[in-house]
Every structure is written in structure tokens, then in C-alpha cells.
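A.B. asks: The residues making up each chain are set out below.
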Amino acid sequence: MTHPLSSCFCSCRVNRGGQAENSLFSLFRGSVHLWKIDRMLARYLPLLQCYGNFMGRTTIIARPLLASNFSTNGTTSQDANASAQSEGRREEQVSSSKEDDVKFKIFSAALPLVHQLGWTKECLEAGAESIGFSKSSHGIFEHGGTSFVQFFHRNCNKELRKIAKVEQIESAKSDELTKVHQLLEKRLQMILPYLPQWPQAMALMSRPHSSLDSYKLLYELADDICFFAGDRSLNATWYTKRAAVAGLYITGELSLVQDKSANCDESWQMLARRIEDLRKVEEFGGSCSRQQEILKDIAQSSLTLIRNLTGMQSYQRNSR
Amino acid sequence: MSLRLSPALRHLRASKFTCNNCLRKKHTKISDEVHGMLRVDHAGEFGANRIYAGQMAVLGRSKSAALIQHMWDQEKEHKKIFDDLMVKHRVRPTALMPFWHIAGFLLGAGSAVLGEKSAMACTVAVEASIVEHYNDQLRKLANENPEKHAEIMAAIKKCRDEEQEHHDTGMDKGAEQAPLYKAMTAAIKVGCKAAIALSTKV
Ligand SMILES: [Fe+2]
Ligand SMILES: [Fe+2]
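Chains as they are written, first to last, in the UniProt record's numbering: chain A, 1 to 320; chain B, 1 to 202.
FYI, nobody ran anything at the bench for these hints, they're computed from the structure. Mixed in with the good hints there might be a few duds.
From the structure, some residues in chain B lie toward chain A, with a derived Cβ separation under 7 Å [what the hints assert, rightly or not]:
| hint | residue |
| --- | --- |
| 1 | D84 |
| 2 | V87 |
| 3 | M97 |
| 4 | A128 |
Distance condition first, Cα-Cα at most 20 Å in a straight line; then the derived SDA-like pairs of lysine to any residue [stated by the list, open to error]:
| hint | chain 1 | residue 1 | chain 2 | residue 2 |
| --- | --- | --- | --- | --- |
| 5 | B | K76 | A | N235 |
| 6 | B | K79 | A | D259 |
| 7 | B | K80 | A | S233 |
| 8 | B | K79 | A | R232 |
In this text, a Cβ means the ideal position worked out from N, Cα and C, and glycines have one as well.
Construct all of the structure, not just a fragment, from the sequences and the given hints.
C.D. replies: Structure follows, in C-alpha cells:
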């Protein structure tokens, strides 16, 4: 029996991920016969695969892009930061909502300019100028372009939450994976207007100094999608589901970026296929629960055996 | 130049929902520390369930089966309470759930293999450290904001009282007469402390 996941990410169109990754997958495929005795362990497989998927893919695509040097020279922003810090922490807290407001204004003004200027500090500057702020006010975005992309992600996540809230009421009857599919599609559609500039955004997100925040945003996204799709699991499944969704999102992003078909049809089809693969894993997990019961029986009888062997029965009898 | 919002941002300004986390209208977001408390309590009740499951697997046909089953049923209820709180506040469960799944069962079954009294000694040790842990939490929550955390505090109080009951029943059933009672309880208490520290964070 081959594992349903064996085709899951390997057949992905964007996988030019090199042979190391593939041989890793075949290793999993081989060991899966050992793993399927326990549903819990089987559920770890997508986690590992998604992790490998995420790590492998981002570095592959990010490397050439990083080399092509989208410069965000942070000297001016750092200066602005230092002066802001010297003003005192308490004052900063009071004005944080005002600062957020300014950020939001600059950000929204800069967004239409992304097509010409990319996710750069220059774009933020132009945005700030267009609504009458001074050129240096971009300093509130600590890392220039990176903050820009992160701000965009954060707002898309917020937007998705609002969509999800409505969606949850409307499609209350559809199952969890269908909802996950819908929400993922909605979220991926949000980046469509910026597709030509998106490789740059992905490269910025995978930079070392921003990767922690990027992971947080990705986690936030995956957590929201799972929560609003109706996931209420409180065990290891909680992690595997979120990892799977995060992996799907990243795969979707990478696929969209390279998609040359009309309306990005190929990417949406790819996403649908991945969702079907996950559905198979769900069923696969279900069929393991019987084996788990058998496992429990074996454990029980072996415990009785140990008791008899070690003479604990007689100890109990004597102590009564 | 006119301020044009992308479709992704169009509704951002007209925010109907007050709680950013779950989009309920009235929902006070609890702090990360309280998240950690719920996480460890949930893991603890799950572990307790597994301990009793392990004990029942071995002592299912002994004379104390009914008593253990009764305590197990109460633990199931505890877990249900914390399940609901976890979902309500969207708390991440601990990543060590699979580990507690196995470790709890082994602890329960392992102690039960040594006899009914040892099983009771295990219960006493676990419940003693859990009662202490719950009292610590109650103190912290009461100091911080008793009104805001009223629901969580009520849940913890209910569980704490029943854990105390379990502890006392264990004592009544002769836990102290178990072989190596002192060494065993000390070891289990250390294990519980470590488990609590781990499950809060991880
Ligand atoms: Fe309990
Ligand atoms: Fe208990």
C-alpha cells in the first residue's frame, strides 16, 4: 500500500526542489508501513513533509532573489528609530495608536505605487509624500520594505478574519476541508493584484532578520484558517493541521508566482488537488483507529503477563 | 492623488468587531500568561485521564475498579471544562500532548502493576502536586484581575476541590502502605513539577 501523501507534495508543479528533498520523501514512504500502526504518528507525517516543503521551497526561491539585491539600506530608518527611542518609552506607548494610524495612511498610499516601485523604501517615501507627510516619516517602518510586506500580510490576515466570520455563518454545513480550501483561495486571491512584485515580497519575508515575524504571520494565518474552518482539535492534530495549511499557503504562493496560465488556473487546480490529498489522509487516519484498539489489547495483555512474571499478584495477595 | 484602498483593505476601517481574536463582539482577550495557565491545566487534566486509563487497564477487574472509574469520570469532566475554555480563548495546546498520552498511561499502568496501594500512592502524589499548582494559579489570577478571570477561576476551583477529594480517597485506601511510598511519591512529584514547567511553555 502506498501512502496517500506520497504524491501530495512531490508532484507539485513548482517542485524543482532538487533531489535531496525527493529522496527524503521516499525515505518517509518506506517507513510509513511502520508508522501506520498508530494514528498519532501517521499524523506527524504531513507535519514533517510540510516543514520540509516550506523550508526547502522558500530557500530555493529566495536565494537567487536575494542575490539580485533588492536593497533596503536601513541607515535613515535606523536613525529615525534611535531618535524615537530617546523620546522615552512611555510617550511611545501613548502615541502608538497615532503612529499606527500614520503607518496605515502611508501604507495605503504607497500600495498603489508598488507596481512601479516595488516593495521598497522608495515606494514608502513616495507614498508618504503623496499624502503630505515628510519624506523621512517612513522611518516608522523599521525595516523599510520588509515592514511594508509584513504590514500588508497583517492586514490581509485581518481581512480574512472578517471574511471568515461571514463565511462561517453562510456555509455552516460544508465540511472543514472545504472551508479550508475556500479560505485559502480567498487569502491567495488577495496577493493577485501584486503578483508581478510578489517574488520580491517573498524574498523580503524570508530574510534572516524578518523570518521570525514572517513565521508569526504565517502561523497567525494558518491558525485563523483552521479556527474559522471549524477545527476544535486539542491534540497533535492541532499542529499537523496548521502545518498543512501553512504549507499549502506557501505552495500556493510559489505556484502563483510562476503561473503562466490564464487566470492562474493551474495554481487553483493544484490547490484543489492538494486539498483532495489531505482528504485522503483524513480517511487514512480514520482507518488507523481500529489498529490502535488492537494495540491497546496487546498492551493490556502484556501488562498482565508482566504482573504474573514478576510475582506482583502474590505480593498483592499477601498484603491484603 | 486620491487615497485608493486595495480590495484586501477596503473594509479595514469600518470594524464591526471588537475582539480581534475571535471576532465576537464582547470578548476580553486574555494575556499570554493566562494562555499558558490554560495550556498546562488542559495538559494536566489530559494526563490525569491517561493515568486513570492506565490504572483501569491493569486494575479493571479488581475491587477498587469502581472507585478508580469514579475518579476517572470526574477527570473526564475536568478535561471537558478545559477543552471548552481552550477553544473559547483559542489557546494553543501543548506540543507534548502525544508524549503525555503515552507517559500518563505508562505511569498509571506502571503504578497499578505494583498493586492497588501503589496505584493509590501514585494518585496521591499526582493530586497533591496538582492541588498545589492550582492554588498557585488561583492566587496569581486573584492578584491580577479576579473579575476578568472569574470563569477560569471558577473552573480551577471546581477541579481543585475534586483533586483534593481524589488525594484524600487515595490516602484512605492505604496509599502510605505501598512499597517504597516515600521514594515513589517524591519521584512522581518531581515529574509533575517538570511536566508543569514544560507544558506551560512548549
Ligand atoms: Fe482533574
Ligand atoms: Fe484528579
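A.B. asks: Check the structure against each numbered hint from earlier and tell me which ones fail, lowest number first.
C.D. replies: 1, 4, 6
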